[in-house]
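Top line first, the protein sequences correspond to chains A and B.
For the first sequence, our numbering assigns the number 1 to the initial residue and increments by one for each residue that follows.
For the second sequence, our numbering assigns the number 1001 to the initial residue and increments by one for each residue that follows.
Check before you lean on any hint, since a few could be wrong.
Computed list of lysine-lysine pairs in PhoX-like fashion (alpha-carbon distance at most 20 Å, straight line) [stated by the list, open to error]: (1) B:1103 with B:1001; (2) A:53 with A:70; (3) B:1103 with B:1042; (4) B:1068 with A:57; (5) B:1103 with A:11; (6) A:57 with A:70.
Stretches of chain B that chain A covers, calculated by requiring three or more beta carbons in the stretch to come under 8 Å of a beta carbon on chain A [what the hints assert, rightly or not]: (7) 1025–1037; (8) 1088–1102.
Here are the computed distance ranges between Cβ atoms for each label pair [said to hold, decoys possible]: (9) A:41 with B:1027: 14 to 22 Å; (10) A:17 with B:1054: 32 to 40 Å; (11) A:96 with B:1070: 38 to 46 Å.
Quick caveat, the hints were computed from the structure, so don't treat them as lab data.
Source: prediction; values computed, not measured.
No residue lacks a Cβ here, since even glycine has one placed at the ideal position from N, Cα and C.
The chain contents come next:
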Amino acid sequence: DAGITQSPRHKVTETGTPVTLRCHQTENHRYMYWYRQDPGHGLRLIHYSYGVKDTDKGEVSDGYSVSRSKTEDFLLTLESATSSQTSVYFCAISVRRTGGGNTEAFFGQGTRLTVV
Amino acid sequence: KQEVTQIPAALSVPEGENLVLNCSFTDSAIYNLQWFRQDPGKGLTSLLLIQSSQREQTSGRLNASLDKSSGRSTLYIAASQPGDSATYLCAVPGSNYKLTFGKGTLLTVNP
């Protein structure tokens, strides 16, 4: 798992409540990502970070915010959860390999979020 | 915008058969291509990373090929086993190494 820990692993929450998911890495890699996985849509990028306090939006960022105050932690917040945000959320890191531009992605075990 | 397609969406084979999973992508300007395995309810496990300068990469019974010019990659699994049953995903990185995924091939290997 390349030292990636996601918490919580499962969560049920009510519509309208804020929710924060945490991703922790142990190896100080620069790039971190949040994806969601849904049947019929596959994996889609929500937000990503390219350094401490450096973040940007992905394909499906509406209703989500992120923060990265230190290298090892990347937080995803659902500001006001909706049923459409019921999904499995994956955190990933990008690890640079020898040779220019080549990186390998590693994923956490996922967080299953249900919004009722 | 990069688009990644995997065919077939599902595949069922008897144990011992050799099989090929396909992945195609629309923008050939890629750094590399990565194949993942996902078991039900689990995260993604990296199987093979094939760099843009390579044509093949092997790990055990798995062999991945890459043809950038045609926008295609294949994952060959030799002598399939029931334990190979999983969803197989391919992905290509873009700017800032953001991944674009195919929707996967669900493989079932029957004993």
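Taking the hints in turn, this is what the structure says about them:
no.	hint	in the structure
1	B:1103 with B:1001	holds, 16 Å
2	A:53 with A:70	holds, 8 Å
3	B:1103 with B:1042	holds, 16 Å
4	B:1068 with A:57	violated, 28 Å
5	B:1103 with A:11	violated, 25 Å
6	A:57 with A:70	holds, 19 Å
7	1025–1037	holds (count 4)
8	1088–1102	holds (count 9)
9	A:41 with B:1027: 14 to 22 Å	holds, 20 Å
10	A:17 with B:1054: 32 to 40 Å	violated, 48 Å
11	A:96 with B:1070: 38 to 46 Å	violated, 28 Å
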